[in-house]
Amino acid sequence: SLNKKIPVYGTLLEGENIYTANLSKNGIIIIGNEGKGISEDINSYITNRLFIPDFNTKNKSAESLNVSVAAAIVCSEFKRRK
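Per this note's numbering, the sequence shown starts with residue 1, numbered consecutively.
If you're looking for bench data, these hints aren't it; they were derived computationally from the structure.
Predicted, not measured: the structure shown is a model, and the values here were computed from it.
Some clues are possibly wrong.
What the hints assert, rightly or not - So the derived label-pair ranges between C-beta atoms look like this: (1) Gly35 with Lys5: 27 to 35 Å; (2) Lys5 with Phe55: 33 to 41 Å; (3) Lys36 with Lys82: 28 to 36 Å; (4) Asn17 with Lys82: 12 to 20 Å; (5) Glu40 with Arg80: 27 to 35 Å; (6) Glu40 with Val67: 14 to 22 Å; (7) Arg80 with Asp41: 28 to 36 Å; (8) Asn22 with Asn43: 18 to 26 Å; (9) Lys5 with Asp54: 32 to 40 Å; (10) Leu13 with Asp41: 13 to 21 Å; (11) Asp41 with Glu14: 15 to 23 Å; (12) Val67 with Ile6: 17 to 25 Å; (13) Val67 with Glu16: 17 to 25 Å.
Glycine included, each C-beta is placed from N, C-alpha and C at the ideal position.
Build the full structure now, drawing on both the sequences and the hints.
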């Protein structure tokens, strides 16, 4: 199966902090939209669940980021670790 050979990363509210997670040099990144997130059908392919933590934990913040902002953060972190 594809997901056993190539890691599939998904951004979710429950997952491992992207800044401390072990990220591979290859893989597939799935990011859901702000309103509905990742569909259940697609969710079943995810092998590594990641979340983007709040910047300031003292203030209450939004549960979701704009999908383009989330994509930029995730891609930047993968690139930084390369």
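Problem set entry | CB-CB spacing for Arg80 and Glu40 relative to the 27 to 35 Å hint | The hint (27 to 35 Å, Cβ to Cβ) holds, given that Glu40 and Arg80 are roughly 31 Å apart.
For this session: Check the following: the C-beta atoms of Lys36 and Lys82 are separated by a distance inside 28 to 36 Å.
Result: holds (31 Å)
Exercise. Between Val67 and Ile6, does the C-beta distance stay in 17 to 25 Å?
Worked result: holds (22 Å)
Problem set entry | Assessment of proposed distance window 18 to 26 Å (beta carbons of Asn22, Asn43) | holds (21 Å)
Problem set entry | Hint check for Lys82 and Asn17 - Cβ pair distance inside 12 to 20 Å | holds (19 Å)
Problem set entry | Consistency of beta-carbon spacing, Lys5 to Gly35, with hint 27 to 35 Å | Check passed, 32 Å falls within 27 to 35 Å.
Exercise. Do Arg80 and Asp41 keep their Cβ atoms within the hinted range of 28 to 36 Å?
Worked result: Distance hint for Arg80, Asp41 holds at roughly 31 Å.
Problem set entry | Verdict for Leu13, Asp41 (Cβ pair) under range 13 to 21 Å | holds (18 Å)
For this session: Return holds or violated for the Cβ distance of Lys5 and Asp54 against the range 32 to 40 Å.
Result: holds (34 Å)
Problem set entry | C-beta pair Asp41, Glu14: status relative to the range 15 to 23 Å that was hinted | holds (18 Å)
Exercise. So the hint says 14 to 22 Å: do the beta-carbon atoms of Glu40 and Val67 match that?
Worked result: holds (18 Å)
For this session: With 17 to 25 Å as the target window, see if Val67 and Glu16 comply at their CB atoms.
Result: holds (20 Å)
The earlier numbered hints are all upheld by this structure, with none contradicted.
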